[in-house]
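Listed in order, the protein sequences are those of chains B and V. Taking our numbering, the leading residue of the first sequence gets -16, the next gets one more, and so forth. Taking our numbering, the leading residue of the second sequence gets -16, the next gets one more, and so forth.
Treat the hints with care, as some may be off.
Within a straight-line C-alpha distance of at most 30 angstroms, the following computed BS3-like cross-link-like pairs (lysine-lysine) qualify [to be verified]:
| no. | chain 1 | residue 1 | chain 2 | residue 2 |
| --- | --- | --- | --- | --- |
| 1 | B | K202 | V | K3 |
| 2 | V | K3 | V | K146 |
| 3 | B | K129 | V | K240 |
The following label-pair restraints were derived from C-beta to C-beta distances [stated by the list, open to error]:
| no. | chain 1 | residue 1 | chain 2 | residue 2 | range |
| --- | --- | --- | --- | --- | --- |
| 4 | B | V102 | V | V102 | 52 to 60 angstroms |
| 5 | V | R178 | B | P58 | 39 to 47 angstroms |
| 6 | B | K171 | V | K121 | 15 to 23 angstroms |
Hints were generated in silico from the structure; no laboratory data involved. Owing to the predicted nature of the structure, the values given are computational and were not obtained by experimental measurement. Just so you know, even glycine gets a beta-carbon here, dropped at the ideal spot from N, CA and C.
2 protein chains.
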Amino acid sequence: MSTIAYLGPEKTNTHFAAQKKFGRRCRYLHAPTVEDVFRLVERRKAEYGVVPIENSLEGAVTHTLDRFIDFKDSPAKICGEIELPIQHYLIIHPGAAVGKIRVVYSHPQALAQCRPWLVKNCSGANYRERDSTAEAVKELFNKEEKSWGLNERGAIGRSELAKEHRLKTVPIPHDQENKTRFLIISLKATRPGKRNKTSLMFALKDRPGALHDTLVPFKRCGINLTKIESRPSKRKAWEYLFFIDLEGHESEPRVQKALKGLGESTSDLRILGSYPIQRG
Amino acid sequence: MSTIAYLGPEKTNTHFAAQKKFGRRCRYLHAPTVEDVFRLVERRKAEYGVVPIENSLEGAVTHTLDRFIDFKDSPAKICGEIELPIQHYLIIHPGAAVGKIRVVYSHPQALAQCRPWLVKNCSGANYRERDSTAEAVKELFNKEEKSWGLNERGAIGRSELAKEHRLKTVPIPHDQENKTRFLIISLKATRPGKRNKTSLMFALKDRPGALHDTLVPFKRCGINLTKIESRPSKRKAWEYLFFIDLEGHESEPRVQKALKGLGESTSDLRILGSYPIQRG
């Protein structure tokens, strides 16, 4: 039986993403931070780790990118990805009404994404940020909170969070596609799939046109880039590291050829992993 | 007398950045959100607006980037930048001792940046996030907070925040260079300086090698790129918009030539502004 570490607590989106991939016949360990997920994998306490990397509305999860920067020698590799559609629900007590909600708890990203709907439907409500959507739902029962009655409180999260407490759920519609992508990390490599992706990290040599020169080998070898992201190097102000995702597996000759061509314009090149592309 | 809108409240880093640039002989308006700063400028309630765009450790301020995406037709242009070194202080009551602090309040970014020092020097302390460092300092006097005595509380912020209350400041050393860059926005263009920068935003046409092709005109015209950043388009999942800063002014022929060359590989190209480079 495999052990899967994920960014917890239980019943958050990362937990559901992990279950979607690995099913119910695994041991799940929830870890309080991205750093803890990586450590559990690196110390062989978990075979796989699951962390969020990107949301289609909010962008990169910088904690996860920065973990690759801070521990360049980590033996953990990306061995897969999981895509999960995000549907937010306003979770309230059975006796409560949407229009009478005066405080809404949730994770800052969920609050930001639902803000337009909340302004319209729960006008004048206060917003309170919590570390996770699961923590937010607990506030619906928090007896130490005297400012708001039980029926005046709402939380935003997945519908599964409401089930065990028999709470009411109201779906929050979105104009835009809301999806989160998660990475699976492990000490073991995975077998290539039909279509694969390779994630790289590198610094640019300090010379004009370095970024352009970096992209030339990919263009020449006909390799499509699906993503480019930059993050501060943390060594020197306004110096950056780049993260690139490309279509192809590092075992393919054309990918190997392109990677060889990167040496002249980049430094500290690291292959973070090659893994099958997942579309949710 | 010019009116300057900035991301408030008073005495935050953005306020000091604005004062560094515009001096004391201006009227300052603090606005609660990045959106409000832009609106004050767009509605001519303020001549200039100041918002954070990037920190050398934490990376891009995504609220500010996304404002350019969400309001593509805004008449507000970037007309300058301000760089401010960030020195964090632990602010405590005169009778307090660093080793006896049990709760530390601050903005999430400041807490994250000072975490290693806090773990070492205020071990076992609790962390409480506040919307700004100025809000955090108010907690040192909050009488409704019964869990911690006055001498058990600390806040992280600039030393100026401590002065008016006669609080004690303890500098928090950093291994890495900590600077924040701010943008000045206005409806008026500025005159070119000695060295200038131009900020662009665009989408890529959906074809292999599009990002590479975008960088070719810059390389050909000998134009150096100082920054590239990507953000979700919010129209379709995993579709991105790119922000590029280049050295040069849009009035220079070589910059104009390069911009013309961008049409084939990009769509929705927008020049966000040309302005003098500032180094702090």
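Going down the list of hints, with the structure as the test:
1. Between the alpha carbons of B:K202 and V:K3 the distance comes to roughly 45 angstroms, so the proposed pair goes past 30 angstroms and is violated.
2. For the given pair, V:K3 sits about 18 angstroms from V:K146 by alpha-carbon distance, which is consistent with the 30 angstroms threshold.
3. For the proposed pair B:K129 and V:K240, the alpha carbon gap of about 64 angstroms is over 30 angstroms, so the pair is violated.
4. The hint said 52 to 60 angstroms for the Cβ distance between B:V102 and V:V102, and at roughly 39 angstroms that hint is violated.
5. Between V:R178 and B:P58 the beta carbons are some 44 angstroms apart, a value that agrees with the proposed interval 39 to 47 angstroms.
6. The given range of 15 to 23 angstroms is broken by B:K171 and V:K121, whose C-beta atoms sit roughly 51 angstroms from each other.
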